[in-house]
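For reference, the chains in residue letters:
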Amino acid sequence: MNSERTSKTAATAGLLAAAFGLAAAADARAGQQEGAWVIENARIHTLVEGADPIESGSIVIRDGRIVEIGEVSAPEGATVVDASGLDVFPGLMDSVSQLGLTEIGAIAATVDTAELGEMNPHLKAATAIHPASEHLPVARANGITHAVVAPGRLGGFGGGGSGISGQASIVHLDGWTVEEMDIEAGAGMVLSWPTLSTRSFNPATFQPERRSFREAQEAYDKAVAELGEVLAAARRYHEAGSADSRRRDVRLEALSPVIRGEMPLLILANRAREIRGAVEFTKEQGVRMILLGGAEAWEVTDLLAEEDIPVILGPTQRLPGHEDDPYDRPFTTPGELHAAGVTVAFATFGSSNSRLLPYEAGHAVGYGLPQDAAIRAITTVPAQLFGLEEDFGTLEEGKVANLIVVNGDPLEIRTEVHHVFVNGVRVPLDNRHLRLYNEYRNRPRPR
Amino acid sequence: MSSLFRRGAVRGLGPLVVLVLAGGPAEAAQLSSRAVADAGPREWAITGGMVHRGDGTVIAEGTVVLRDGLIVSVDEGSAGPAGVFRLDASGKHVYPGFVTALGDLGLRGGSAAERPGRAARPGAGAPPTPSRGPEDRPGTFSWQLAADSLTLDDDRIAARRTAGFTSAVSVPSRGIVSGRAAFVNLGAGDPRDLVVGGDQAVMVRLETLGFRSFPGSAMGVIAYIRQLFLDAAHYDEVWRLYEEDPTGLARPRHDRALAPLVLAAAGEQPVLLPANLDKEIRRMVRLAAELGLRPILYGGHEAAPAAGFLADAGVPILVDLNWPQADPDADPEARVPLRELRLRDAAPAGPAALAAAGVQFGFYRGESGRSGGRGSGDDLAAVRTAVERGLDREAALTALTSAPAEIFGVADRVGTLAAGKIANLLITDGDIFDEGTRIEAVFVDGVIHYPDSAASETDDDAGAREAPGGNR
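So the protein lines, in turn, are chains S and G. Counting in our numbering, the final residue of the first sequence is number 447, and the numbers go up one at a time with none missing. Counting in our numbering, the final residue of the second sequence is number 919, and the numbers go up one at a time with none missing.
One or more of the hints may lead you astray.
Which chain G residues stay away from chain S? Per the calculated CB distances, all over 12 Å, these [said to hold, decoys possible]:
1. S520
2. G527
3. R639
4. D683
5. V685
6. D702
Facing chain S, a subset of chain G residues (Cβ under 8 Å, in silico) [stated by the list, open to error]:
7. D778
8. P779
9. E780
10. R782
Rather than coming from a laboratory, the hints here were simulated on the basis of the structure. Predicted model only: the values in this text are computed from it and were never measured. The C-beta atom is built at its ideal place from N, Cα and C for all residues, glycine as well.
Required output: the full structure, derived from the provided sequences and hints.
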């Protein structure tokens with residue numbers, strides 16, 4: 001990301017933090033305790049395939065990992081958390097977010113989501129994540145312990161254009177530095193699939209524009225062909241080996257893991273036709289695809305199931321995309337995809353809304369998605385999609401201790417989050433929302 | 448069917464057509480300069496045709512006699528006077544000339560209407576100073592008379608005439624109050640001779656002026672229209688008081704935007720108001736009633752559900768023949784909203800509902816883009832579509848002739864075939880609403896124009912052929 005902008009962003013973010021957060025954040029950090037933890041008397045939902053919840057058990061955490069789980073006694077010196085009557089779940093994972101990249105959308109200096117240009121595979125979101133973002137404690141307080149942070153406009157204001165916006169990074173939602181937060185800096189290559197549209201908005205003139213379908217089709221075909229050329233170039237670059245005399249190209253180098261099938265292409269596409277185009281493209285190219293967005297994925301469920309393309313659904317708590325759609329079109333989509341055998345994960349695609357992740361899944365349960373699949377869609381499924389199943393997604397010995405202690409079903413809005421552990425440490429639940437809540441609750445009242 | 452005027456025979460008054468017996472030199476000397484300019488025969492007897500008078504009556508074998516641009520007589524079976532050009536219309540149909548009841552015909556030529564003021568749209572010449580409120584009279588050109596700006600340098604005139612349209616209501620098409628409409632004949636010659644009525648209605652459009660200028664929103668435009676007509680009524684009041692007894696009174700300021708709106712504000716001159724959908728129709732009628740205006744609505748693609756309402760309100764409407772339809776350039780996979788599909792289906796059935804409810808209505812062709820229509824095309828074909836969708840043929844004819852003449856206050860001059868009226872008429876080889884019927888001759892102000900062929904409405908040669916014996 002452009003250096004001038006980054007420094008500006010950092011400076012402004014610093015000011016913002018100084019203005020309304022620094023003291024509180026410092027206080028909050030003081031509460032953190034290193035060392036061993038034990039959570040006792042909990043109902044433990046391990047989410048291990050085929051395993052029932054442990055009705056009453058303990059979890060021992062040391063050095064960031066779960067070391068024991070089940071009927072175990074507290075090791076000496078461990079801090080005890082009594083979870084009688086409470087439930088423990090794996091920490092929730094927002095599969096696509098912009099946490100840490102943007103603070104206040106209307107203040108350009110705090111927005112560092114996207115770089116200029118259409119081909120930026122060498123960018124990594126982690127570079128721009130602001131660890132002191134006010135949105136992180138807010139999301140955390142609702143049980144989100146780690147998240148995929150994706151660069152690009154993700155279909156936001158201005159349409160965002162098409163192209164590769166960079167590499168998504170997976171981070172813990174806690175840490176003083178990006179390095180502390182880091183889980184996987186290069187988790188997926190974000191590609192906004194070209195849209196075939198006869199209507200567009202020209203930000204330069206601030207006017208809507210129309211073009212004929214033929215022109216739109218030509219532009220689309222050209223954009224897809226260019227993507228193919230980029231991957232072909234990356235493939236040649238990769239196959240040429242690492243001869244020292246070669247001129248290095250960080251863009252093509254960054255695409256190597258994609259070519260090798262080690263890094264998935266996270267393809268943002270919402271219209272059915274574009275989803276079909278993206279599936280066909282990745283099949284031809286022999287690369288792995290995860291569909292992001294997928295507003296019209298319900299139209300192509302068979303294709304997605306057949307080609308085994310997982311879908312990270314865009315926010316489903318929204319209005320239908322077409323005026324003649326039923327009101328619950330976005331709500332029923334997750335259940336329909338699941339029933340067709342498509343792997344579904346949920347994501348908020350945002351920063352301030354990341355806290356709503358459990359309700360994305362919860363709402364889908366009300367419209368046909370099985371409860372079990374819904375909770376997995378924000379825990380185990382994203383961990384598997386990004387190759388993190390060794391460390392995340394379930395509560396098992398040896399896994400990273402990202403977990404939440406709640407008083408019920410985390411998908412229910414009324415459920416309260418009592419404790420959040422990120423990377424083996426219990427994090428404070430204080431956040432800006434809570435501070436504002438208390439401030440206004442205690443405001444002077446007329447007598 | 449044999450063509451009345453075969454190609455080739457048409458030019459220079461073919462022998463099939465006429466029998467000449469020239470008038471005396473004294474009579475020729477009495478010709479007005481206009482008749483000389485138009486040239487061609489000035490007296491005609493059209494005999495033997497089925498004459499649709501436009502008032503609901505039909506004469507099976509009628510004779511229409513024209514002299515010097517006027518209809519002298521319309522009667523049954525007479526041979527007409529001797530010594531005139533005679534046109535045998537046996538087996539043919541004779542109709543009053545059609546009226547296209549709104550548009551900017553004759554205003555888009557080389558010398559288009561003056562476009563002054565701060566109301567220009569962004570992108571089409573940025574406004575020098577953006578307007579900040581109603582006091583700046585944004586987009587208001589009420590002093591502009593279409594009649595002052597007419598030009599014949601407009602290809603569309605000949606094309607419309609060829610299609611049977613002998614008159615048009617023309618008004619500038621830019622701004623919120625874009626000007627005042629003229630009722631013009633689509634003839635040739637000097638534009639000053641074409642004006643039938645020069646100041647027939649005030650044109651109001653719902654145009655926003657962009658981001659920087661008031662009004663930039665629909666609510667702003669409506670609020671402005673309300674303020675404008677209230678101001679006009681006040682302006683009238685102030686000047687009346689002053690003129691009654693100016694002694695000792697501060698002299699009111701002249702306002703070129705308000706002065707021409709005084710009649711309209713008093714409900715004495717109609718105001719053209721846009722209203723395409725049912726709810727728009729109802730809102731506009733209410734707005735007009737609130738301000739005491741005499742509305743003529745235009746648009747009317749969703750007229751059917753509002754037909755009873757319009758009949759009760761006694762408000763006429765001009766129906767846009769630019770029926771909404773699929774854009775051939777559109778994305779074939781785009782899902783067209785049901786709302787749009789319904790409108791596409793319902794629009795051509797609107798006129799039938801209006802006729803059934805007793806609403807007075809005319810036809811025009813609106814701008815392209817609005818509600819998906821294409822902006823050009825065959826007006827008669829569009830009327831035929833409405834006839835197929837239940838519009839009575841006689842009602843269709845009324846809507847093309849006498850209704851617009853009445854709506855715009857010139858029914859005493861045009862709109863029907865009756866003695867003393869302007870000789871605007873057309874002759875066809877069959878019922879005008881039958882598919883394939885050809886227009887064989889069009890008279891405008893008593894001057895004959897020969898359609899080239901049904902298929903070439905925009906033929907560039909049309910001008911060269913239209914006035915045989917003329918001076919072009």
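Hint by hint, here is what the structure shows:
{"no.": "1", "hint": "S520", "in the structure": "55 Å, holds"}
{"no.": "2", "hint": "G527", "in the structure": "56 Å, holds"}
{"no.": "3", "hint": "R639", "in the structure": "40 Å, holds"}
{"no.": "4", "hint": "D683", "in the structure": "40 Å, holds"}
{"no.": "5", "hint": "V685", "in the structure": "41 Å, holds"}
{"no.": "6", "hint": "D702", "in the structure": "33 Å, holds"}
{"no.": "7", "hint": "D778", "in the structure": "5 Å, holds"}
{"no.": "8", "hint": "P779", "in the structure": "7 Å, holds"}
{"no.": "9", "hint": "E780", "in the structure": "6 Å, holds"}
{"no.": "10", "hint": "R782", "in the structure": "6 Å, holds"}
Violated hints: none; the structure is consistent with every hint.
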